[in-house]
Amino acid sequence: MKRSTMALVTMALVISALFAVPAAEAGQAPIRIGALYPITGSLALLGEESWRGAEVARQFRNQKGGVAGRQVEFLRADVPDVNAAKSEAERLISREGMKVLIGTYSSSLSLGASEVAARAGVTYFELGGISDQITERGYKTIFRTCPRAQLFSKSQMAFSRDWIAGQIKKKPAELRVSLIHEDSAYGSSIARNLEAEAKAAGVPLTSVIPYDSKAIDLSSVILRLKNDKPDVVVGVSYANDAILIGRQAKELGLDIQAFIGTGGGHSLSGFAEALGPASDGVFNVDFTQFEVNTKFTPGLPEFVEAYKKAFNGPPRSGHSLANFMGATVLFDILEKTQGDQDSSKFRSAAMAYEAKPGTTATGWGVKFTESGQNALAETFLTQWQNKKLLTVWPDGPSVAKPSLIKPFSK
Amino acid sequence: MSDLFLQVTVSGLLIGGVYALLSIGLTMIFGVVRIINFAHGELMMLAMYLTFWLHTAHGVDPYLSLLVVAPAMFAIGVAIQRLVVQPILEAPALMKVFATVGLYIALQNLALMLFTADFRTIQTPYASASFRIGAISVSEPRLYAFLCAIVMIVALWAFLKFTLVGKALRAVAENRTVSALMGIRVSRLYLLAFGVGSAITGVAGTLLLPFSYVFPTIGSIYTLVAFVVVVLGGMGNMLGAFFGGLFIGLVESFSGTYVSPAIKEAAYFVIFILVLLVRPQGLFGMGKGSEEIGLK
Chain A
1 MKRSTMALVT MALVISALFA VPAAEAGQAP IRIGALYPIT GSLALLGEES
51 WRGAEVARQF RNQKGGVAGR QVEFLRADVP DVNAAKSEAE RLISREGMKV
101 LIGTYSSSLS LGASEVAARA GVTYFELGGI SDQITERGYK TIFRTCPRAQ
151 LFSKSQMAFS RDWIAGQIKK KPAELRVSLI HEDSAYGSSI ARNLEAEAKA
201 AGVPLTSVIP YDSKAIDLSS VILRLKNDKP DVVVGVSYAN DAILIGRQAK
251 ELGLDIQAFI GTGGGHSLSG FAEALGPASD GVFNVDFTQF EVNTKFTPGL
301 PEFVEAYKKA FNGPPRSGHS LANFMGATVL FDILEKTQGD QDSSKFRSAA
351 MAYEAKPGTT ATGWGVKFTE SGQNALAETF LTQWQNKKLL TVWPDGPSVA
401 KPSLIKPFSK
Chain B
1 MSDLFLQVTV SGLLIGGVYA LLSIGLTMIF GVVRIINFAH GELMMLAMYL
51 TFWLHTAHGV DPYLSLLVVA PAMFAIGVAI QRLVVQPILE APALMKVFAT
101 VGLYIALQNL ALMLFTADFR TIQTPYASAS FRIGAISVSE PRLYAFLCAI
151 VMIVALWAFL KFTLVGKALR AVAENRTVSA LMGIRVSRLY LLAFGVGSAI
201 TGVAGTLLLP FSYVFPTIGS IYTLVAFVVV VLGGMGNMLG AFFGGLFIGL
251 VESFSGTYVS PAIKEAAYFV IFILVLLVRP QGLFGMGKGS EEIGLK
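Line by line, the protein sequences give chains A and B.
So the first sequence is numbered by this note's numbering: it starts at 1 and just counts up by one.
So the second sequence is numbered by this note's numbering: it starts at 1 and just counts up by one.
This is chain A alone, in the form it adopts within the complex (with noise of 0.2 Å):
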């Protein structure tokens, strides 16, 4: 029985094999493309989201006759954890001959899944790790479409410096700016290019409160913010920690302007369900939103159309949009080389590609420098109010003006 089944595994794969092969050399077989997401594990529902911006994208330009007259296809790796990423890229290149790679969600991820990449000369086009790292090891390979972790820093100091100083009328210089931040990896290198980009700002720290986002009780945070007496909150969080720092400023009647999230809990649904109208005002910079001015971001609509029709449902978060908007991107500097996948023909065509901001369906225009980090994405700052989080800032992509709001105090 088991010899009889090996025996016809072997004769299927050998059948497949002799298939492919033809097929391959015919030049109307599809595009392949590997995509590396979590899809399960802890990072799953985010990256889950994130795979199915890229997978709307791949269906939308399939329908429109694909790339260079070839469909795209789609082989799609589950990687869980960095060791996962590293072996799946591993696999996917040498076993499947995959000459381009995407992916990942989390920058962990990525930065395993595209060294390995790069080593094989393959292309990794990265749609939604923001580590700075990730661009920024010297590779000629590795290219990415969303903004960078520094970003969401230097929007936030922008944000603080010409906005919230002129509103409670102070000098920037006189502002005072207090950063909570979750000590783990994340939060802690957000806090150190924060901190950098306070410096340049001319904004300088009043002080950085690390805390463990595990953490049962955060009043001791919030009083010494108390104690600090911030005019700007800048918070880094995951989903629970942001929810139990936001009930207990309210229970101790934390006397803020501003609040500040960095991505991450602030921006999820969850965040103001939890909180009610005390998540009223609280600011957030994230990758582009939903709730944003469209005739900046050209093809949104249409994107949440399709979206909700192949997964039954609105897009969970941006994540979906930010992918969509990457790979649609990669579909068309694919199409400029004919479909060629070749890593030094790719790097050309990418190089010499280029978008105006507000023509994507992020908004982000695509200018890639010569480390791949596309230079003209950018992070939009968005506010809840009324339970809805509305783009505000800057003016081109908003929907709705800031408005200064004490957060926590309804």
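Hints listed in this document are in silico derivations from the structure and should not be mistaken for laboratory results.
Values in this document were obtained by computation on a predicted structure and should not be read as measured data.
Just to be clear, a hint being listed does not mean it is correct.
To be verified - Chain A stretches covered by chain B per the calculated footprint, using a threshold of three residues with CB under 8 Å from any CB of chain B:
1. 203 to 215
2. 223 to 229
3. 234 to 243
4. 250 to 258
Glycine residues also receive a C-beta, built at the ideal position from the N, C-alpha and C atoms.
Guided by the hints, dock chain B onto chain A, whose structure is given.
Leaving out everything else, chain B in the frame of chain A:
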């Protein structure tokens, strides 16, 4: 005495009350059955999910749901004692440890499977309600939890002190063999102790939910806190658990505010180690020998 100092003290005492409540259940099981229950936090996690479900699916107010949660947790505790602990009561200490650790892993993974890893919170009008005394603000749900802890300790103390069953429980805690010789049905009392301990823990979980959240692995955080409190207070000593809880709450609150929130756990573990070095029987320990309860 600045306002901040007072506020830090109040916040520390309030969270300390919750730690105390949590530890009383552990102490009950520890003191009587003499088993180290590593699945203690998981019992609380189960109670929190039960409260969450009663609230979201049936609209039951969390404080009202105590009427369901406490008996349910009592039943679960009795079942654990009967099915997991009783068969290995005479086994070496290590085996008991493995059994409850196994239970903790099983319950945690079962919860991950059934409830997913999402964080759940419930919405109540009083979730972040607070009132002010001068410049000090006091969180209402935390105050309820604190008061409830005190009521429970007093009730439990009275039960152990004045009722016949309570006296029997104390006798069993003191010496299992002699109690059996005196005609006390030891295994029944064990069932009762584990049941009551679980029910109290369940109540702690329910009282926590209005201002906290629940996720499948939350138990291990609380288990750790409860163990520190119980050892600090003297194993099996209820009053010790109460003051131990308040003490840990204060340590957390002061080190978090005046040093850094990132080190508050480290701070109470340092104190924990110091106490073990200087006074291994705990602050309220019953004296030489009792610190080994549960490992004999």
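Hints the structure violates: just list their numbers, smallest first.
none
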